[in-house]
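There are 2 protein chains.
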Amino acid sequence: MGEKFILSSAERSPIFYPERQSLFRNEKAFFGSRTFSIFTKINFMNKKDLQEVYNNVKPHIHKTPVLHSRLIDDLAECKVYLKCENFQKAGAYKIRGATNAILKLSEKERSRGVVTHSSGNFAQAVSLAAKNLGVPAYIVMPTNAPKIKKSGTISYDGIITECEPTIAARERESSRIQQETGASFLHPSNDIDVIYGQGTACFELLSQETDFDYIICPVGGGGLIAGTCLFANEFSPKTKIIGAEPFEVDDAYRSLKSGKIETNATANTIADGLRTNLGSNNFPIISEHVSHIIRVSEDEIIDAMKLVWERMKIIIEPSSAVAVAAVLRETTFFKGKKVGIIISGGNVDLENLPF
Amino acid sequence: MGEKFILSSAERSPIFYPERQSLFRNEKAFFGSRTFSIFTKINFMNKKDLQEVYNNVKPHIHKTPVLHSRLIDDLAECKVYLKCENFQKAGAYKIRGATNAILKLSEKERSRGVVTHSSGNFAQAVSLAAKNLGVPAYIVMPTNAPKIKKSGTISYDGIITECEPTIAARERESSRIQQETGASFLHPSNDIDVIYGQGTACFELLSQETDFDYIICPVGGGGLIAGTCLFANEFSPKTKIIGAEPFEVDDAYRSLKSGKIETNATANTIADGLRTNLGSNNFPIISEHVSHIIRVSEDEIIDAMKLVWERMKIIIEPSSAVAVAAVLRETTFFKGKKVGIIISGGNVDLENLPF
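Chains as they are written, first to last, in the working numbering: chain Z, 142 to 496; chain S, 142 to 496.
Source of the hints: derived by calculation from the structure; they are not laboratory data. If a hint is listed, it holds; no wrong ones were tucked in.
No copy labels: a pair is met if it fits in one copy or bridges any two.
Below 30 Å or equal to it, Euclidean Cα-Cα: the simulated DSS-like pairs (lysine-lysine) are:
hint	residue 1	residue 2
1	K220	K290
2	K478	K204
3	K447	K272
4	K220	K291
Bound-form chain Z, shown alone (with noise of 0.2 Å):
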């Protein structure tokens, strides 16, 4: 495993980024007001410690298929290929950091079980990948959570325990059960082992389609870009990695411009996968590799969801929809490139649907 420092953005050139300029015409002054300094030291991966992730995660989880449409390469003016982990165990991305931060533990703390509190698609994750590995899922889910998911959760043996829909409720009996169980704690999104998990999904899409100029990841908490910049740069480091967002949660387009992570005050999205902020280690990850992020309407989104259900057949989640929507929003950009986009899922409310 090598090591290596992610240098400050203040010590890269702004040449680094050539295309934000095209991509954000109007925003010559984009990435000029980039005044951070996160120095952050890592234990980066090379090629075959990459590897090893992927085939370790491997035997627990799907190899999705990657689909393309004839339709939507007409609309997106490119070529474009979806990385189907809405066709992933537990119908999310999510299982593949569950998985490896799992087997990351040793074997006493295996025994010892793991705790995260969630309110959706990671409580399923974590509660089956631990299912699988034979480990004890402790899940800590708000009093509101859909009753879909705690139903998921219970039949994949999570046990929950609930509180009170806040941060902090939920931080504190985590913690409890954490002091009383010995349980390791799993972040979602900011666990570094976790990061890697997700990343394997890039992985397998680099196995099956080469050659991207670009793959755009949606952006929630950041664990899933961060981990696909991760393996796109040792695996296909002419691939670019962009990101894309809501308009109405934009907060990782606004912590790339600031350089320090920002927060959202509203979260009025359809997109529930993305109203999270990235964390303190795949922030680093996402600002050294990321070269922009593309924010999309609302309508952008249902549009975008809608025309895969239509035309493609699958079920994407409108989190997905959201990658989806910045390519077809951005076919100036695009135009005539190969881009991958990472589906996160297929987790939706059928009997809540925009449309």
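With chain Z's structure known, arrange chain S on it following the hints.
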């Protein structure tokens, strides 16, 4: 090409359908009353001919995937494999039949074009198949056909003529076009070349998975299940073909019982593709090869559709959900067996969903 006569049911022993009794255990006389005496002469194809049909059609269609789901296996208590024609061009299996029928025309006939009347999927399938083969397609559509189907047909260069929404008007209008243009009429489910073309979905399925005990097909006009029978009979003679239809339009169930083509008094089913009746060419094939028809309720159809959408993350249309509902309904019958299901398509109006 071999030639063979279909025997009337009166000449067949009841022991020919031993499993009927176990399935329809409360209907001892289920097939006892069959008195029809159809004696149809059709040129049946041998393995080599059928392989040639597939080879001809293959360059113009997608080879669709076969999917399965552990959850659905658990619920159905058997192994279920979905042949996903929802991923077919134009969203349904129908392009297979349309393509084969057009390929069977002489060059002179092709130059005059093809004509059909359809309010939906077959209009789009014929238009796209004809476009692929450089043949004009005249489509008679009722004035009340859904806008999305009309725009789909137009996008595939189909030449639409509108008519009053009655069968008589549709037939009159297509006769007129036939006479004026010399175009060849294609029937969506009773044209024998269309039937053979539809059967190529089953041929592919049998090349993707083997040793099926049963293959379940939704039954509407009868073209898909008849084609399935013809291919399965040659390439997997031990596999039994079962039809699935809604209780609300159980004309095929009643037709097999009475020995003549029955019609439906009403069409109150969500499975809009299954409202039509069997035809003179496909009925004898179905009578010969289909071991039984399973009927399902509207609630069962909606539940099955929701289950597949939620758990498999693929869009299937209500007509396809009928076949999934059938395997979920008759768990005792299918217990431990290997079952293929032809998912006919994924064309759904997202703005008019049942949940």
